[in-house]
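Trainee: Listed here are the chains, written in short residue letters.
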Amino acid sequence: MVANTQALMARGIVRVVIAILPWWIAGCAPKPLYYWGRYETLLYEMYAKPGQADPATQIAQLSEDIERAQANGQRVPPGVHAHLGYMQFLSGDLAKARAEFETEKRLYSESATFMDRLIGRMPN
Amino acid sequence: MRALPPWALAVCCLLSGACAATKHDYSAYRQHLPRSILVLPPLNNSTDVNASYVYLSTVSQPLADCGYYVFPVAMVDGFMKENGLPGPGEMHAVPLDKLRDVFGADAVLYVTIEEWGQKYLVLTSTTVVRAKAELVDTVSKTSLWSGTAYVSEGSGGAESGLIGMAVAAIVDQIVDTMTDRVHDVAGTANRGMIFNANDGFLYGPYHPQYDSDSRGR
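From first to last, the protein sequence lines are chains A and U.
Start counting at 1 in the first sequence, then tack on 98, and there's your number in the working numbering.
Start counting at 1 in the second sequence, then tack on 38, and there's your number in the working numbering.
Please note that a few of the clues may not be correct.
Heads up, simulated DSSO-like pairs for lysine-lysine below, C-alpha to C-alpha not over 27 Å straight-line [as the list claims (entries may be wrong)]: (1) U:Lys179 x A:Lys203; (2) A:Lys147 x U:Lys179; (3) A:Lys194 x U:Lys119; (4) U:Lys136 x U:Lys157; (5) A:Lys203 x U:Lys170; (6) U:Lys179 x U:Lys157.
These are computed hints drawn from the structure, not numbers from a lab.
Whenever a hint applies, use it, and build me the whole structure from the sequences.
Mentor: Structure follows, in C-alpha cells:
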C-alpha cells in the first residue's frame, strides 16, 4: 500500500496552475535586484514553524547571507540588516542591534525615521 | 518580449484580461510614486488563523524586487504590538498621519485575505490564495493602486483510478505539506499581482526600469 502511494506520487500529482499571471507574456519577469538568501524563509518559519527560527538561528543564517552577498558583490535587500538587528535586540545584544539599525539607515535612507526611532529608545 | 504563437497569445490574453478595453489609470500612482512601502499584517476573512502572517512572509521580496524600500515586516508587526495594537484590525485603523510620523513611510499597503488554503472537491484538492490589496499615499491619503492576488492551484492523480486519487487526496491533508503549499501559492499570487504589466505595480525608484516605465506618464 505504501509503495503504491509513493508510486502514485512519484508518477506525478499533476499541478495545473490556473493562474491569472500574465506577467510572463509581458516580458517583465521579475529579476532579483538583491541577494535574498533565507530572509523570507525565516519570516515564514517564524510564523508557521516557530521552533525552527528562534533569534539565534536567524542571527546565524542572516549573518551568513549578508557575508555571502558582500562576497558576491550583491546588495543586501531592504529590511534585512534591520531585521538582523531586531533579532540581536531580542537576544539582548544591544550594541550589535544598534549597529545593524545604523547600517540599514546608511544603505536605505527611507528607513531613517524608523531606525532613528529605534536607536533613540536604546540605552547609550 | 518573447514571441509567442498566436494561439498562445489568445489564450494568455483571455486568462489575463490583457485585452481589456480600458487601460489601468496610473495617473495618481505616478503623481505620488512612493519610495517606501509599509506593509501591515493583513486582515483575514479566511478560515485559517495562520493566513495573515504566512502571507506577510511572501510580500517583501516582490515589492522590493519591484524597486521599493519595504519596511521589515516582522519589526513593524513587533513594534506595533509593543505599542498596544494587538492585531491587524487595530493596526489597519491607525491614521495615515501617525504611520507617516512613526515610520516615515511614503505609502501603506493594506491587504485583506479573502480565501486561503485547501478546497476539497470529490477526489482532488485545490490550493487557493485570494487577497485584495490597496496602496495608499500617506501624504495626500489618496488610493494609488488596488488589486487582487489570486492563484488557484489544483492537484490530482495523473492517471490511475479512483483509489489512487483518493489516496492522493488523503496524503495531501498532511498539515505541513498543506501549509508549505499554500505558502508557495501565496508567493506566486503576490508576484503575479505586483508584476502584472497591465494592472500591477509601477516600478519603484530602485528598479533599473524605473525611468523607462511609461505607464502613467
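Trainee: For the pair supplied as a hint, U:Lys136 and U:Lys157, is the alpha-carbon distance within the 27 Å limit?
Mentor: Outside the cut-off at roughly 39 Å; violated.
Trainee: Quickly compare the C-alpha distance for U:Lys179 and A:Lys203 to 27 Å and report which way the hint goes.
Mentor: Given that 27 Å is the threshold and the Cα spacing comes to 26 Å, the pair holds.
Trainee: Holds or violated: A:Lys194 with U:Lys119, Cα cutoff 27 Å?
Mentor: Given that 27 Å is the threshold and the Cα spacing comes to 23 Å, the pair holds.
Trainee: Would you mind confirming whether the straight-line C-alpha gap from U:Lys179 to U:Lys157 stays at or under 27 Å?
Mentor: 37 Å, violated
Trainee: Are the Cα atoms of A:Lys147 and U:Lys179 separated by 27 Å or less?
Mentor: 37 Å, violated
Trainee: Regarding the pair A:Lys203 and U:Lys170, is the alpha-carbon distance no greater than 27 Å?
Mentor: Measuring from Cα to Cα gives roughly 31 Å; hence the hint is violated.
The structure is inconsistent with the numbered hints 2, 4, 5, 6, although it conforms to all the rest.
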